[in-house]
Amino acid sequence: MADVNDYTSGKILEDVKLTNYSINLVKIPVLGLLIRKNLLKGIVKFEPRVINIDLAASLIQDCDKCAVGERVCRAINKCSEFTESIFLDELADGMTSVGKCQYIEKADAIRILKKYPKNPLILAKVSNKYMEICRSAPDDCIFFKMERCKIKCLK
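For the sequence shown, the working numbering gives the first residue as 428, with consecutive numbering after it.
There's no promise every hint is true.
[As the list claims (entries may be wrong)] Computed list of lysine-lysine pairs in DSBU-like fashion (alpha-carbon distance at most 35 Å, straight line):
id : residue 1 : residue 2
1  : K454      : K577
2  : K579      : K541
3  : K545      : K577
4  : K444      : K468
5  : K468      : K505
6  : K527      : K438
7  : K582      : K542
8  : K533      : K552
9  : K541      : K492
10 : K492      : K472
11 : K582      : K444
12 : K556      : K572
13 : K454      : K533
14 : K472      : K556
15 : K582      : K505
16 : K444      : K572
17 : K492      : K468
18 : K533      : K472
19 : K541      : K444
20 : K552      : K527
21 : K527      : K492
22 : K533      : K444
23 : K582      : K572
24 : K454      : K552
25 : K541      : K582
26 : K572      : K552
27 : K556      : K582
28 : K577      : K527
FYI, nobody ran anything at the bench for these hints, they're computed from the structure.
Could you put the whole structure together from the sequences, leaning on the hints where they help?
Right, dumping it as structure tokens:
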């Protein structure tokens, strides 16, 4: 399970890079099946879900604090489309403490997510709690890449 420390330390970036590389190997006979199982085992802990803006707004309204920052997948692929993620509660604190995001008002967080209406919203668990709302870029999103490789991970 990824936790707040994985995000603040940058470990999550290394994990996403490794996952991104491993996705290219799932087509290899026999070995690919093992890789596919390991990828799915690692990613299901995030319990990623595609959500709508109404649910995202509700989660933001219910949180204690929120912050905005660059989405994780973009941090490893600078050429990808720019969108932003909203981090909630402890993840907002952690990411802000290491300069990877900044606190914002709840209304501003909702407004930011509304800036990218064509991009799907992904909700993910960190430290066993839904604390990351990402306005994803499906071409580069690790969850969507897994889905394209027939590794069903999004609810």
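For each hint, the structure was consulted:
| no. | hint | verdict |
| --- | --- | --- |
| 1 | K454 with K577 | holds (10 Å) |
| 2 | K579 with K541 | holds (27 Å) |
| 3 | K545 with K577 | holds (23 Å) |
| 4 | K444 with K468 | holds (16 Å) |
| 5 | K468 with K505 | holds (27 Å) |
| 6 | K527 with K438 | holds (13 Å) |
| 7 | K582 with K542 | holds (23 Å) |
| 8 | K533 with K552 | holds (19 Å) |
| 9 | K541 with K492 | holds (19 Å) |
| 10 | K492 with K472 | holds (23 Å) |
| 11 | K582 with K444 | holds (23 Å) |
| 12 | K556 with K572 | holds (23 Å) |
| 13 | K454 with K533 | violated (43 Å) |
| 14 | K472 with K556 | holds (10 Å) |
| 15 | K582 with K505 | holds (27 Å) |
| 16 | K444 with K572 | holds (12 Å) |
| 17 | K492 with K468 | holds (30 Å) |
| 18 | K533 with K472 | holds (27 Å) |
| 19 | K541 with K444 | holds (28 Å) |
| 20 | K552 with K527 | holds (18 Å) |
| 21 | K527 with K492 | holds (15 Å) |
| 22 | K533 with K444 | holds (31 Å) |
| 23 | K582 with K572 | holds (14 Å) |
| 24 | K454 with K552 | holds (28 Å) |
| 25 | K541 with K582 | holds (21 Å) |
| 26 | K572 with K552 | holds (18 Å) |
| 27 | K556 with K582 | holds (16 Å) |
| 28 | K577 with K527 | holds (32 Å) |
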